[in-house]
Every structure is written in structure tokens, then in C-alpha cells.
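Enquirer: Here's the letter readout for the chains.
2 protein chains.
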Amino acid sequence: MKYVTGTAERKTADLEELLREESEGKTLRLWGAVHAIRSMGEVVFVVLRRREGLLQCVYEEGKAAFAIKGLREASTLEVEGVVKREPRAPQGVELRLTDIRVLSEPAAPLPLAVSKWKLDTSLEAKLNMRSVSLRNVRERAKFKLQEGIVRGFRDYLYSQGFTEIHTPKIGARGAEGGSNLFRLDYFHRPAVLEQSPQLYKQMMVGVFDRVFETGPVFRAEKHNTKRHLNEYTSLDLEMAYIEGFADVMTMETGFLQYTMELLAKDYGRELGLLEISLPKIREIPAVRFDTAKKLVSEKYRRPIKNPFDLEPEEEVLIGKYFQEEYDSDFVFVTHYPSKKRPFYAMDDPADPRFTLSFDLLYRGMEITTGGQRIHDYGMLLEKLEKRGMTREGLEQYLDTFKYGMPPHGGLGIGLERLTMRLCGEDNVRETTLFPRDLSRLEP
Amino acid sequence: MKYVTGTAERKTADLEELLREESEGKTLRLWGAVHAIRSMGEVVFVVLRRREGLLQCVYEEGKAAFAIKGLREASTLEVEGVVKREPRAPQGVELRLTDIRVLSEPAAPLPLAVSKWKLDTSLEAKLNMRSVSLRNVRERAKFKLQEGIVRGFRDYLYSQGFTEIHTPKIGARGAEGGSNLFRLDYFHRPAVLEQSPQLYKQMMVGVFDRVFETGPVFRAEKHNTKRHLNEYTSLDLEMAYIEGFADVMTMETGFLQYTMELLAKDYGRELGLLEISLPKIREIPAVRFDTAKKLVSEKYRRPIKNPFDLEPEEEVLIGKYFQEEYDSDFVFVTHYPSKKRPFYAMDDPADPRFTLSFDLLYRGMEITTGGQRIHDYGMLLEKLEKRGMTREGLEQYLDTFKYGMPPHGGLGIGLERLTMRLCGEDNVRETTLFPRDLSRLEP
Numbered sequence: 006m007k008y009v010t011g012t013a014e015r016k017t018a019d020l021e022e023l024l025r026e027e028s029e030g031k032t033l034r035l036w037g038a039v040h041a042i043r044s045m046g047e048v049v050f051v052v053l054r055r056r057e058g059l060l061q062c063v064y065e066e067g068k069a070a071f072a073i074k075g076l077r078e079a080s081t082l083e084v085e086g087v088v089k090r091e092p093r094a095p096q097g098v099e100l101r102l103t104d105i106r107v108l109s110e111p112a113a114p115l116p117l118a119v120s121k122w123k124l125d126t127s128l129e130a131k132l133n134m135r136s137v138s139l140r141n142v143r144e145r146a147k148f149k150l151q152e153g154i155v156r157g158f159r160d161y162l163y164s165q166g167f168t169e170i171h172t173p174k175i176g177a178r179g180a181e182g183g184s185n186l187f188r189l190d191y192f193h194r195p196a197v198l199e200q201s202p203q204l205y206k207q208m209m210v211g212v213f214d215r216v217f218e219t220g221p222v223f224r225a226e227k228h229n230t231k232r233h234l235n236e237y238t239s240l241d242l243e244m245a246y247i248e249g250f251a252d253v254m255t256m257e258t259g260f261l262q263y264t265m266e267l268l269a270k271d272y273g274r275e276l277g278l279l280e281i282s283l284p285k286i287r288e289i290p291a292v293r294f295d296t297a298k299k300l301v302s303e304k305y306r307r308p309i310k311n312p313f314d315l316e317p318e319e320e321v322l323i324g325k326y327f328q329e330e331y332d333s334d335f336v337f338v339t340h341y342p343s344k345k346r347p348f349y350a351m352d353d354p355a356d357p358r359f360t361l362s363f364d365l366l367y368r369g370m371e372i373t374t375g376g377q378r379i380h381d382y383g384m385l386l387e388k389l390e391k392r393g394m395t396r397e398g399l400e401q402y403l404d405t406f407k408y409g410m411p412p413h414g415g416l417g418i419g420l421e422r423l424t425m426r427l428c429g430e431d432n433v434r435e436t437t438l439f440p441r442d443l444s445r446l447e448p
Numbered sequence: 006m007k008y009v010t011g012t013a014e015r016k017t018a019d020l021e022e023l024l025r026e027e028s029e030g031k032t033l034r035l036w037g038a039v040h041a042i043r044s045m046g047e048v049v050f051v052v053l054r055r056r057e058g059l060l061q062c063v064y065e066e067g068k069a070a071f072a073i074k075g076l077r078e079a080s081t082l083e084v085e086g087v088v089k090r091e092p093r094a095p096q097g098v099e100l101r102l103t104d105i106r107v108l109s110e111p112a113a114p115l116p117l118a119v120s121k122w123k124l125d126t127s128l129e130a131k132l133n134m135r136s137v138s139l140r141n142v143r144e145r146a147k148f149k150l151q152e153g154i155v156r157g158f159r160d161y162l163y164s165q166g167f168t169e170i171h172t173p174k175i176g177a178r179g180a181e182g183g184s185n186l187f188r189l190d191y192f193h194r195p196a197v198l199e200q201s202p203q204l205y206k207q208m209m210v211g212v213f214d215r216v217f218e219t220g221p222v223f224r225a226e227k228h229n230t231k232r233h234l235n236e237y238t239s240l241d242l243e244m245a246y247i248e249g250f251a252d253v254m255t256m257e258t259g260f261l262q263y264t265m266e267l268l269a270k271d272y273g274r275e276l277g278l279l280e281i282s283l284p285k286i287r288e289i290p291a292v293r294f295d296t297a298k299k300l301v302s303e304k305y306r307r308p309i310k311n312p313f314d315l316e317p318e319e320e321v322l323i324g325k326y327f328q329e330e331y332d333s334d335f336v337f338v339t340h341y342p343s344k345k346r347p348f349y350a351m352d353d354p355a356d357p358r359f360t361l362s363f364d365l366l367y368r369g370m371e372i373t374t375g376g377q378r379i380h381d382y383g384m385l386l387e388k389l390e391k392r393g394m395t396r397e398g399l400e401q402y403l404d405t406f407k408y409g410m411p412p413h414g415g416l417g418i419g420l421e422r423l424t425m426r427l428c429g430e431d432n433v434r435e436t437t438l439f440p441r442d443l444s445r446l447e448p
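Those protein sequence lines, which keep their order, are chains A and B. Under the numbering used here, the first residue of the first sequence is numbered 6, with each subsequent residue one higher. Under the numbering used here, the first residue of the second sequence is numbered 6, with each subsequent residue one higher.
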């Protein structure tokens with residue numbers, strides 16, 4: 006009988022091993038993709054692309070057991086060579102090739118110059134050829150940082166006693182109702198794709214006290230802007246036994262602080278490639294919705310059109326105001342109007358036209374919506390009735406409250422938007438692997 | 006200006022603090038839900054349910070500043086009391102109550118006796134009242150273990166140089182085609198819900214070398230069995246520069262070993278509640294598909310009906326065989342027939358009727374499908390043609406290979422099934438938070 010064990014004999018080295026001081030002069034084998042070939046006559050530089058970065062390999066005629074002719078970009082190789090310090094090489098080290106083995110070859114020349122520092126092409130072209138354009142190491146780095154954000158979210162919340170959950174994306178009813186739902190046929194029953202895990206995470210907060218989920222959400226909105234997607238990844242949390250929605254803002258601030266430290270510690274290579282300096286987050290200012298509107302109206306001489314709504318331009322100005330006056334990239338805007346929030350939001354007892362809720366703006370763009378939720382069964386029924394909403398499809402959600410629920414609140418963070426702002430991009434599609442928008446359903 | 010910092014002043018204790026030796030005799034405040042009330046006359050036991058477990062609180066008439074009368078199960082409380090060793094209490098410690106504050110109250114008595122050791126009700130009832138039935142701590146524990154499995158998957162793969170990705174669930178085309186696709190209208194274009202992130206993770210393996218994703222997948226299969234779901238969570242990985250599909254089996258074995266250690270280390274409470282003894286995984290036997298069929302046919306005297314298909318009963322018997330003959334809960338079955346695998350599977354050059362692929366069976370049930378994939382553009386086009394498949398909707402996927410791809414392979418693990426087997430459950434719905442099946446679209 007053959008057996009599989011969990012450890013494989015390692016036949017090749019990784020970049021870390023190659024960069025160790027004691028590797029100098031040693032012969033190592035590595036695999037990688039041919040990122041670029043630069044011929045200087047008798048010397049040929051072959052740049053290998055690996056998950057950890059680029060590695061300069063050098064072929065010198067007469068010193069290697071193979072012919073370099075015929076080697077093509079985008080081939081994948083196993084190479085053998087001698088490690089040599091070389092301050093001019095990208096890693097400070099190069100591999101003097103003694104042998105190569107071609108593992109695979111492309112069928113056509115690359116349509117994009119992925120080895121250039123800056124990929125010189127349109128967003129459209131980049132998205133159409135995603136699996137090629139991301140071979141550019143700077144394009145790729147944005148998604149490593151995105152990974153770091155999600156890791157930071159999970160690791161921080163685990164440390165705070167949260168439980169990770171997986172809730173269904175096909176349901177009988179959307180969390181927020183309305184017209185922006187994708188509809189489908191589910192074995193001859195009408196169904197929708199969930200706009201948010203909201204109702205499910207509330208149902209689970211009575212079980213686990215603190216829950217989170219990182220998963221896709223779906224919005225059939227007909228927006229065609231630089232910041233909207235019709236499918237995105239939402240970082241969601243819900244926490245019980247809060248004293249107010251400030252507890253939720255505290256949790257988010259803690260997550261952001263933890264994540265910036267994690268990125269600085271483990272993602273330095275990517276931050277360097279993209280020349281990103283991380284925002285310093287000691288504390289985040291919090292301002293009421295109505296106050297924020299007044300402040301920017303006064304400073305930027307802009308009349309308030311509607312006291313119960315926030316225009317995108319106002320969001321931008323609020324961001325600008327707190328950048329200028331408080332040197333902060335982030336600002337919590339609190340007490341959003343009740344009309345602008347879903348039925349489950351808790352109204353402010355001091356003035357029920359507003360809610361105990363918040364948005365977090367990052368350089369003038371909303372990246373989070375959160376707040377305290379209604380936990381009292383009677384209050385919830387009253388709110389539904391006041392809004393003229395039916396209980397249909399909400400039976401099990403409402404039963405959760407009927408059978409007792411702790412005070413709680415939570416939030417949802419748009420992962421692609423947060424990554425976009427961190428990377429200084431101006432279009433959310435730049436930080437989405439495979440965006441879904443009004444016109445884009447492929448690749 | 007108000008500021009939010011990332012750290013909150015802690016006004017209440019958690020269970021860990023309460024259980025510390027130095028807490029004996031101290032007065033602490035905690036929150037929790039009333040799990041059970043047992044009145045013994047002048048002494049009343051109030052069992053609080055918290056995310057970490059149950060805590061016995063004791064009310065003695067005349068010793069507390071409040072009246073216990075009127076306190077109801079499923080209320081949520083902030084309690085104050087003196088910590089006292091008590092070997093008969095669940096945690097070895099109890100809290101002698103001095104004060105309580107009611108945070109919320111239910112509107113109706115609980116429909117299920119959640120405080121019983123074993124929740125004595127049907128699966129149907131449990132699923133219909135998910136947010137109540139999971140308040141039973143043994144029901145809840147299964148989903149903590151599920152969390153541990155996902156954590157183990159991610160943490161192990163991070164340590165192995167994998168990058169986490171997020172791929173779209175709405176697409177123009179399914180990874181495997183066929184009739185088991187949920188279809189929807191995407192802004193007047195036909196779209197489907199992805200059956201698997203397969204095509205996307207392959208497209209990204211040429212970028213990051215090693216990728217993984219943990220997310221929902223959708224199968225419109227009309228199966229109504231104990232092991233099928235129409236939406237489930239798939240743990241997916243794809244890795245480049247493999248020498249063969251054995252490298253993928255090695256990675257899975259490493260993940261399982263790591264995860265069992267993680268569960269033993271961090272989830273001992275839940276394992277204890279459910280009386281689970283974790284499988285020991287030193288090595289996993291691997292047997293060819295055709296050999297496995299022959300072995301069970303001989304041992305259990307069962308004629309082979311179709312040499313190119315595996316019936317569920319045969320899977321069960323293969324599991325039984327390796328349990329009996331090799332004392333192993335797990336077995337890799339390799340070299341599945343080509344007809345049973347999707348177009349992207351690599352055929353075995355030694356016999357193209359079979360593929361370089363595997364399933365992992367856990368006590369006779371398939372929990373993983375994996376294998377080596379075709380990486381050569383020409384070979385891929387040939388396979389499509391041989392199957393009479395169109396290239397439509399596959400253009401960008403195919404371009405990935407045209408522009409060069411390393412040899413690679415991967416796998417997908419059904420999270421709910423793995424949890425089900427680990428917990429010794431016989432229905433996958435027992436280990437699915439909110440199952441979606443032929444009849445179940447709610448809650």
C-alpha cells in the first residue's frame with residue numbers, strides 16, 4: 006500500500022533560503038516563470054518571477070550546460086545555479102545559471118509588457134486580461150495587501166472572542182429589501198442573492214455573542230461609478246452586550262490599528278513596491294451627521310440642500326475637512342437619519358429622526374456602515390409597521406427576538422474599497438480581482 | 006471633537022478572568038443570557054450562557070440586593086457577584102450573586118428546551134428554529150469546530166506560501182457546465198452562480214503560484230440525500246510547480262494534521278462537550294480507483310457493475326475496508342475515470358481512460374476532489390474538442406494558458422461534510438448553519 010504523509014521532500018529552494026548569507030557560493034535549484042529576458046551579448050539576464058518576488062539569473066556563454074537560445078518569456082522553468090552576492094540585482098543576490106529545465110511554454114507572445122515597472126495600459130485592458138496583467142508585480146501586490154487586510158480582520162476578531170460563521174447567499178428575502186436584489190429561480194420558488202449577511206449575523210449573535218463573516222454580497226444597483234460594484238466582499242461583524250454603538254466603532258478602530266501593524270510587519274515588500282505609507286491610526290475623530298454637514302457648508306461655502314441626506318461631494322468635503330483640520334485620513338460620521346437606514350437600525354431615543362449609527366469615511370469615501378440594532382421584539386414589530394413593511398419572510402428572524410436577544414450592534418466593511426483607498430487607487434475595479442459591474446460579467 | 010480609540014475600558018470580566026485562582030473571593034461583573042433557572046427554595050441557581058460556556062450563579066435570599074422573582078429564562082443580564090470555588094459547578098467555580106441588571110427580556114417562553122444536555126427534537130425543528138436551537142451548547146459547539154477547520158486550512162496554507170483570493174460568484178459560465186447551474190438575469194444578460202472557483206483559481210495560480218479561497222459554491226442538483234446541499238462552503242486550493250498530483254495529496258494531509266493539532270489545542274472545550282476523539286493522521290493510504298473497487302468486491306462479495314463508476318455503497322465499503330485493514334479513517338482513491346472528471350483534469354498518459362486525480366474519503370464519504378490540471382494550451386483545446394465543448398465563455402480562461410502556465414493541481418473540500426464526519430453526524434444539515442436544499446430556502 007502507498008501512503009501519503011503531510012511532508013514532502015523538498016527538491017527546490019525558495020527565495021528565503023537563497024537570500025540567506027550561508028547560501029553564497031552554493032548551488033541551488035528553484036522554479037519560476039520567465040518574467041523577462043535581457044540579452045547583453047555573451048551574458049543573458051533571465052528574470053524569474055516567483056510568488057515572493059523577482060530573481061535575477063545570469064547565463065554566461067560557455068559556463069552553463071545548456072543553450073539559452075530559444076528560451077521564451079512566460080515559459081516556466083526549474084533552474085540550477087550558483088548563488089552570488091550582487092548589489093545591483095533586485096534582491097542583492099543573483100543566480101549564476103548552470104542548468105535549466107523547461108517545465109512549460111506559452112503558445113503565443115505576451116499581449117502586455119508585464120515586466121515593465123508600470124503596466125502601461127488601460128483599466129479595460131487590464132481587466133479583460135486579468136490573468137496576464139496581474140503578472141506585473143506591482144499589480145499583483147495590491148491583492149497581497151488585500152489578503153493582509155482580511156487576515157488582520159479575522160485575526161483581530163478571533164483575539165476578541167468572535168466566532169466565524171458562514172451564512173447562505175441564496176435566500177427567500179433580502180436583508181434590506183428594495184429593488185436592488187438579484188432574483189433567481191430556486192427549484193420553482195422565487196429567491197434572491199443576499200445583499201448582506203445582516204439578518205443571519207443578528208440571528209447568530211444570540212448564540213455566539215460575537216460573530217463575523219468575510220464573504221460575497223450582491224447588489225443589483227444600476228450605479229456606474231468608480232466606487233460601486235455589483236458583487237463585492239464584505240467584512241461583517243456583529244457583537245452583543247454593547248453599551249452603545251461607540252463599542253462597535255472602538256472595535257473597528259482596533260481592527261484598523263492591528264491591521265496596519267500586520268501590514269507593516271508582514272507585507273513590507275508589497276508596501277515598498279507600491280510606495281505606500283500606511284496611515285497612522287491613534288484615534289479617529291467622530292462627528293455627528295448634522296454637525297459634519299454644517300462644518301463643511303461653512304468652511305467650503307456650500308449651501309445645505311437636504312439636511313437628511315449626504316451627497317457624495319459632501320462626503321469628499323468631510324474627508325477633506327478632517328484631513329485639513331485634524332490631520333486624519335479617517336472620520337466616523339454618526340447619527341445618520343433614520344430614513345436613510347434599514348428597519349433594523351436603532352433610532353436615537355433623544356431624536357428618533359436620527360439613528361444610533363455611523364459610517365466610517367476614509368479619505369472622503371464611505372468604507373463602513375454600522376450601528377446599534379433593535380433588540381427588543383416589540384420595538385422591532387413597531388418599526389416594521391411604521392415603515393409599512395410585511396413580516397413575510399422575516400418569521401424566523403423575528404422569532405429570534407421574540408425568544409430574547411442581547412443589546413447588539415455591528416458593521417460591514419467593503420473590502421475592495423478599503424484596499425482601493427489604502428493603495429491610493431481612484432477606481433475600485435483596480436483592487437477587485439474580477440469585478441462585476443453593469444457591463445462586466447467576464448472574465 | 007470626540008475621538009474613538011481602539012481600546013475600550015473594560016467594565017465587565019470574561020470567563021477566563023473569573024476562573025483565575027486570584028479571582029477567588031473577588032467581586033466581579035459579567036454579562037450573559039439566562040440559560041436555566043433552578044429554584045431550590047431559598048437558593049436559586051441561575052445558569053448564565055456566554056460565548057465561552059456556562060456559568061453557575063447562585064442567589065441566596067437575604068444575601069442579594071435584588072429580588073429573583075420574575076427573572077426569566079432567555080433574558081440577558083449584567084450580574085455582579087463574589088467568585089467562589091465549587092467543585093460541583095460546571096466550571097469548578099460559581100458566582101454568588103449580589104446584584105443583577107436586566108439588559109433585555111424575551112417576549113415569549115422558549116419553544117425548545119435548549120438547556121438540556123441533548124436537544125430532544127427533530128432535525129426539521131432544529132433547522133426551523135436555528136437561532137434558538139443553537140443556544141444549546143452542544144449544538145453550538147459543532148460550529149466552533151467548523152470555525153477551527155477553516156482556521157486550520159487558512160493558517161496552514163499561509164505558512165506554505167499561499168495567497169488568499171476572492172473570486173466572483175456570479176459569472177457568465179459555470180466551471181463545469183452541465184445542468185446543475187442556478188441561472189439568473191444579470192442586467193438583461195444570462196448569468197449563473199459559480200459551481201466552483203476552479204477556473205478563477207487556475208487563472209490566479211499563474212500569478213501567485215499558490216492560491217486558496219474559502220467561500221460559497223452553488224449546485225442546482227436535485228439530490229435529496231443526507232450528504233448533499235445546494236449551497237455549501239468550499240475550501241479550495243490550487244498550487245503550481247507540482248511534480249504530480251501526489252504533491253496536492255501531501256498538502257491536504259499536512260492541512261489535516263495541522264488542523265487536528267489546532268483543534269486539540271484551541272477547541273478542547275467543544276471536543277469535550279461533543280465527546281469527540283480526533284482521528285490520528287500519521288499517513289493516509291492511497292489506492293487506485295480500479296484496485297479499490299476490486300478489493301471491496303472481493304472482500305465483501307459484491308459484483309462490480311460498472312468499472313468506470315463508483316456507487317455510494319462502494320464508497321462506504323472502501324471506507325470500511327481501510328478502517329478494517331489499515332486502521333485508517335481516511336483513504337485517498339486515485340486515478341478516477343476520465344469520463345467522471347471535468348475537462349480541465351489531466352488524463353494519465355499511461356492510460357487516458359483514467360486521470361491524474363483523487364478523492365479523499367473520510368469514513369466512507371467523499372470530502373475532497375482534486376488532481377492535476379492540464380496546463381498546456383494545445384492539450385486543453387484538444388480536450389475541449391474531444392468532448393464536443395464550445396470555447397464560448399472560456400476565452401479569458403483559455404488565454405491564460407496560451408500565455409504560459411506552470412504545471413499545477415489543486416482540490417476542493419466540502420466544509421460541512423468534513424465537519425459532519427468529524428462530529429460523527431449522519432446528516433450534513435446538522436453541521437450547516439442555514440442549509441439550502443430542495444425544500445429549504447429559509448431561514
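Just so you know, the hints here were simulated from the structure itself, not pulled from any lab data. Wrong hints could be hidden among the right ones.
No copy is singled out in the list; a pair is fine if it fits within one copy or between any two copies.
[To be verified] Using 16 Å as the maximum straight-line C-alpha spacing, the simulated EDC-like pairs for lysine to aspartate or glutamate come out as follows:
{"id": "1", "residue 1": "K68", "residue 2": "D334"}
{"id": "2", "residue 1": "K270", "residue 2": "E371"}
{"id": "3", "residue 1": "K304", "residue 2": "E320"}
{"id": "4", "residue 1": "K16", "residue 2": "E318"}
{"id": "5", "residue 1": "K89", "residue 2": "E27"}
{"id": "6", "residue 1": "K7", "residue 2": "D252"}
{"id": "7", "residue 1": "K123", "residue 2": "E14"}
{"id": "8", "residue 1": "K7", "residue 2": "D295"}
{"id": "9", "residue 1": "K299", "residue 2": "E318"}
{"id": "10", "residue 1": "K89", "residue 2": "E266"}
{"id": "11", "residue 1": "K325", "residue 2": "E29"}
{"id": "12", "residue 1": "K131", "residue 2": "D404"}
{"id": "13", "residue 1": "K231", "residue 2": "E318"}
{"id": "14", "residue 1": "K231", "residue 2": "D442"}
{"id": "15", "residue 1": "K7", "residue 2": "E288"}
Enquirer: Given a CA cutoff of 16 Å, do K299 and E318 count as a within-copy pair, a between-copy pair, both, or neither?
Expert: within (14 Å within a copy, 71 Å between copies)
Enquirer: How do K231 and E318 come out at 16 Å by Cα distance, when the copy is not named: within, between, both, or neither?
Expert: Answer is within; shortest intra-copy Cα gap is 14 Å, inter-copy 53 Å.
Enquirer: Should K7 paired with E288 be assigned to within, between, both, or neither, using CA atoms and 16 Å as the limit?
Expert: between (58 Å within a copy, 10 Å between copies)
Enquirer: If the cutoff is 16 Å on CA atoms, where do K7 and D252 land: within, between, both or neither? Let me know, please.
Expert: between (55 Å within a copy, 14 Å between copies)
Enquirer: Between copies, within a copy, both or neither: which fits K131 and D404 at Cα up to 16 Å?
Expert: between (48 Å within a copy, 13 Å between copies)
Enquirer: At most 16 Å between C-alpha atoms: does K7 with D295 qualify within a copy, between copies, both, or neither?
Expert: between (70 Å within a copy, 15 Å between copies)
Enquirer: Reference check for the pair K89 and E266, CA-CA at most 16 Å: within, between, both, or neither?
Expert: For K89 and E266, neither the intra-copy (33 Å) nor the inter-copy (40 Å) Cα distance is at most 16 Å.
Enquirer: Check K89 against E27 for me: Cα-Cα at most 16 Å, and say if that holds within a copy, between copies, both or neither.
Expert: within (11 Å within a copy, 58 Å between copies)
Enquirer: Within a copy, between copies, both or neither: where do K325 and E29 come within 16 Å Cα-Cα?
Expert: neither (51 Å within a copy, 53 Å between copies)
Enquirer: Using 16 Å as the alpha carbon limit, work out where K270 and E371 are close: within a copy, between copies, both or neither.
Expert: So K270 and E371 fail the 16 Å test inside a copy (27 Å) and across (40 Å) alike.
Enquirer: With identical chains treated as interchangeable, where does the CA-CA distance between K304 and E320 reach 16 Å or less: within a copy, between copies, both, or neither?
Expert: Within. Shortest intra-copy distance 14 Å satisfies the 16 Å Cα cut-off; inter-copy 72 Å does not.
Enquirer: At 16 Å max between alpha carbons, let me know whether K123 reaches E14 within a copy, between copies, both or neither.
Expert: neither (38 Å within a copy, 47 Å between copies)
Taken one by one, the earlier hints fail for this structure at numbers 1, 2, 4, 7, 10 and 11, listed in ascending order.
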